[in-house]
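Engineer: Since chain A is already given, all that's left is putting chain B on it; use the hints.
Those protein sequence lines, which keep their order, are chains A and B. With the working numbering, letter number 199 in the first sequence gets 199, and the count goes up by one each step, no holes. Residues are numbered in the working numbering as their position in the second sequence, beginning at 1, plus a constant of 262.
Don't take each hint at face value.
[Unchecked claim] Partial pick of chain A residues on the chain B-facing surface, computed with a CB cut under 7 Å:
1) I72
2) N88
3) A135
4) Y176
Hints are computed from structural coordinates only; laboratory data are not their basis. Even for Gly, the Cβ is constructed at its ideal location relative to N, Cα and C.
Listed below are the residues making up each chain.
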Amino acid sequence: MDSSRRRVLQLLGISALAATAKPVLNAFAVEQQASGAEVIIKEGDNVLKARQWAMVIDTRKLKSEADLEPLIDVCHKIHNVPELQNKNHEIKWIWGTHYHNAFPGKAAQFLAEEVEHRPFLVLCNHCENPPCVRACPTKATFKREADGIVFMDFHRCIGCRFCMAACPFGARSFNYRDPRPFIQETNKQFPTRMKGVVEKCNFCAERLAVGQIPACVEVSSGALAFGDLYDPNSEVRELIRTHFTIRRKQILGTEPCVYYIV
Amino acid sequence: MLELALKGGKKYYGWMTFLLIIVGIGFLLYLRQLDFGLGITGLSRDASWGFYIANFTFLVGVAAGGVMVVLPYYLHDYKAFGKVTILGEFLAIASVLMCLTFILIDLGQPMRAFNVLLYPTPNSVLFWDAIVLNGYLFLNIVIGWNVLEAERNGVHYQKWLKPLIYLSIPWAISIHTVTAYLYAGLPGRGFWMTAILAPRFLSSAFASGPALLILMCLIIRRVSNFDPGREQIQSLAKIVAYAICVNVFFFLCEVFVVFYSNIPEHMDHIKYLFVGLHGHGAYVPWMWASMILMVIGIILTVNPITRKNEGVLAVACVVIFLGTWIDKGLGMIAGGFTPSPLHEVNEYIPTLPEIGIALGVWAMGFLVLTALFKIAVSVKEETRS
Chain A
1 MDSSRRRVLQ
11 LLGISALAAT
21 AKPVLNAFAV
31 EQQASGAEVI
41 IKEGDNVLKA
51 RQWAMVIDTR
61 KLKSEADLEP
71 LIDVCHKIHN
81 VPELQNKNHE
91 IKWIWGTHYH
101 NAFPGKAAQF
111 LAEEVEHRPF
121 LVLCNHCENP
131 PCVRACPTKA
141 TFKREADGIV
151 FMDFHRCIGC
161 RFCMAACPFG
171 ARSFNYRDPR
181 PFIQETNKQF
191 PTRMKGVVEK
201 CNFCAERLAV
211 GQIPACVEVS
221 SGALAFGDLY
231 DPNSEVRELI
241 RTHFTIRRKQ
251 ILGTEPCVYY
261 IV
Chain B
263 MLELALKGGK
273 KYYGWMTFLL
283 IIVGIGFLLY
293 LRQLDFGLGI
303 TGLSRDASWG
313 FYIANFTFLV
323 GVAAGGVMVV
333 LPYYLHDYKA
343 FGKVTILGEF
353 LAIASVLMCL
363 TFILIDLGQP
373 MRAFNVLLYP
383 TPNSVLFWDA
393 IVLNGYLFLN
403 IVIGWNVLEA
413 ERNGVHYQKW
423 LKPLIYLSIP
433 WAISIHTVTA
443 YLYAGLPGRG
453 FWMTAILAPR
463 FLSSAFASGP
473 ALLILMCLII
483 RRVSNFDPGR
493 EQIQSLAKIV
503 AYAICVNVFF
513 FLCEVFVVFY
523 SNIPEHMDHI
533 KYLFVGLHGH
543 GAYVPWMWAS
553 MILMVIGIIL
563 TVNPITRKNE
573 GVLAVACVVI
583 FLGTWIDKGL
593 GMIAGGFTPS
603 PLHEVNEYIP
613 TLPEIGIALG
623 VWAMGFLVLT
633 ALFKIAVSVK
643 EETRS
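For reference, chain A alone in the conformation it holds in the complex (with noise of 0.2 Å):
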């Protein structure tokens, strides 16, 4: 295919996508009391445009909690995630977790402690092959067409948790009662929860559309890579190149998008 036919499909795929994601976030806009506190999804030169979106995360640059820290509440701010005392009622889009955690069945018996005690960062890989949504029975998580990632559509959702058991990464969340009470301090740019639906990481993709990168790797200092998997100039691509990264659970064959540098 000629690269104007691709690029005139492109840009109908996502003008679709928009003319159907407006009203759904107008109709939260709406239900967040604020009147006249519209949603504007910028369109046209700087959308953020790929074919599959991917990350790679130095994990040498984060070697502790208080470096996780500001990546962790900079996504959890933007994105109305509650904070929950019940560690059974906990929801996350990315947290810190140990080596043996992250990649159970690939630790070294006799790790360097230095590994052994970073922490590392997960979030949902948004698999090219997810298994959440072969297992949704509602389409209400789904890969994008356009960009490949996995997204979520919380009105859909009629939250039976199949996605949750299907997910081999733990990425997933549930809200088990209404979220809302418990958010700091609410986003309005972003829509919040309601008790019964299942929610994760959405590799950002508000800000895609309005031509900037992930909040996370935004705040990284240069730990967090992000770009189009199959751009072979991409950032992504050099360091992929460049480095010997590992991926969680590759053996399960979801290509997952979030590769590591250990």
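Structural biologist: Okay, now just chain B, sitting in the frame of chain A:
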């Protein structure tokens, strides 16, 4: 025929009132869950399914087990079972109703349940599960009701029912196969990812379903003038005996593969259930109890002396029912989620409201079952006299 369910003695009405009270309590607790969210249960990020789905899975088995009276009668022309096929079909109706209710109360947004039909998704096993369960319910209502009505009127049942009856046999197998596929096809859940899961589910189904049916037959004989028959009960008992043996054998196959291969991802779940993992072992006594109960069940049903004694047989059936409930319900779900995909152990313990709601669903099922059996037994009494 529905009026037959309304004509009953004091004991019948007392039992129905008792069940209604439990249904009512369960319903009130469910209203609380509807208001607060599933947070009133013991579920968590790691154990995202629990007691409801466990009971659902077990009851799909009981429903499928009903086919064990239908199949010998219609396919092998085993005449003796003609007397009790209706009981198997009605048991299936009540069980599937409980299954569907358990699914519904497990949803975070139950009012959106019809999204499954609005946005049909053939790649989701849950979509197929909804189809096979509702289909099985429909088949059993149509077949059971019409055959019984024909019997009441002293005529042969309608010809067009025959293909439906034949269809209902593989359909019974399908409901439990699809239910097993819900679990077996998930990557990264080592406990469930085994090709023998569907056969295991079916073997435990063919033990627990007919075991419950035997108990029902014994009760019916005591409280009514209809005797399901000694031969019928003994034949059912042999089915239970084979099925429970196969079920334990399948489990041992699982244990061999998992422990001889020594792959931690598959081993750790069974370790968690039977000896505990990282200091957590809430299910250990339950799982051993389940094994002991099933072995006692085998001894009592395989041995002809104990099997032929109906009192002992009743005990065996209770023991097998409980053993398979723990094995396939409680352990199967909690064990699959622990340890988590990140290899953390966050134990799932059902809460009291959760158990209360589940009891309400069971009471609802037995309410329907009692009414249906009352109708069936009344027709049998009528036609005999």
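Engineer: Should the interface hint for Y176 (chain A) be scored as holding, given a Cβ-Cβ cut-off of 7 Å against chain B?
Structural biologist: 4 Å, holds
Engineer: Would the hint on I72 (chain A) stand, with a C-beta cut-off of 7 Å toward chain B?
Structural biologist: 16 Å, violated
Engineer: Are A135 (chain A) and chain B close enough, Cβ to Cβ, to be under 7 Å, as the hint says?
Structural biologist: At 6 Å from the nearest chain B Cβ, A135 (chain A) passes the 7 Å test, so the hint holds.
Engineer: Should the hint that N88 (chain A) touches chain B count as held when the rule is a Cβ pair under 7 Å?
Structural biologist: 4 Å, holds
Taken one by one, the earlier hints fail for this structure only at number 1.
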